Amino acid sequence: MLGDDIFGVMLVLLLVTACGNNTDEANGFDWVGGDFQFFTLAAEDACLDGALEVLFMPEGPAAPHEHAYPTYLPSFDELPHSYEISLREPFVNLPITVTSEDGVTLVGDGVIDDVALGSVAYGDCVVTMTAHIEMVPASADQAYGTAWMDISDPRGDDERCPVYEADPCRVTLTLDAILD
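Just so you know, we're using the working numbering here: the sequence shown kicks off at 1 and counts up by one.
By construction, these hints were calculated from the structure, which means they are not laboratory data.
The structure displayed is predicted, hence computed values, not measured ones.
Careful, some of the hints might be misleading.
Label pairs and their in silico Cβ distance ranges [to be verified]:
1) Q37 x R160: 32 to 40 Å
2) G60 x D158: 31 to 39 Å
3) T174 x Y83: 19 to 27 Å
4) S75 x A121: 40 to 48 Å
The C-beta atom is built at its ideal place from N, Cα and C for all residues, glycine as well.
Full structure from sequences and hints, please.
This is how it looks when you write it as structure tokens:
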């Protein structure tokens, strides 16, 4: 199902975060990393007139959506940090790299080909998803940021793929992460 595939992509990309140095001198806290619980606070769908927003916020736009799995975010001392994560099938042994640039936590692009849209309306349609995330530590145990999911190259043998106004089209998420 599309929601499950997009959720898996987001979990993978949310693992890629970091920032500056060990201490945010302006705010006076140490970022030590750990397992974080992520929440989607807002979703904006430029692909299917808002149809994908419900996948990221199934209880509606007023209810933050808790992600199913805690996500490890490395400490500053571990950067850059490359490792593999396994979330659930088919998102297993996924390589990620956490880096930092200009005091903003950056998550590099993650690409997953052949993500099935998984609905009767879209038949055998699959898409390519490329995700990027930027997270900023707000305290020793919280970070916030934005994720962008570019959905491109819809394809399928039964010609039931949705038609996007732009290829790629973008879903933007506002995120919060709290130390678990």
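Hint by hint, here is what the structure shows:
no., hint, verdict
1, Q37 x R160: 32 to 40 Å, "holds (37 Å)"
2, G60 x D158: 31 to 39 Å, "holds (32 Å)"
3, T174 x Y83: 19 to 27 Å, "holds (26 Å)"
4, S75 x A121: 40 to 48 Å, "holds (45 Å)"
Comparing the model with each numbered hint stated earlier shows that all of them hold.
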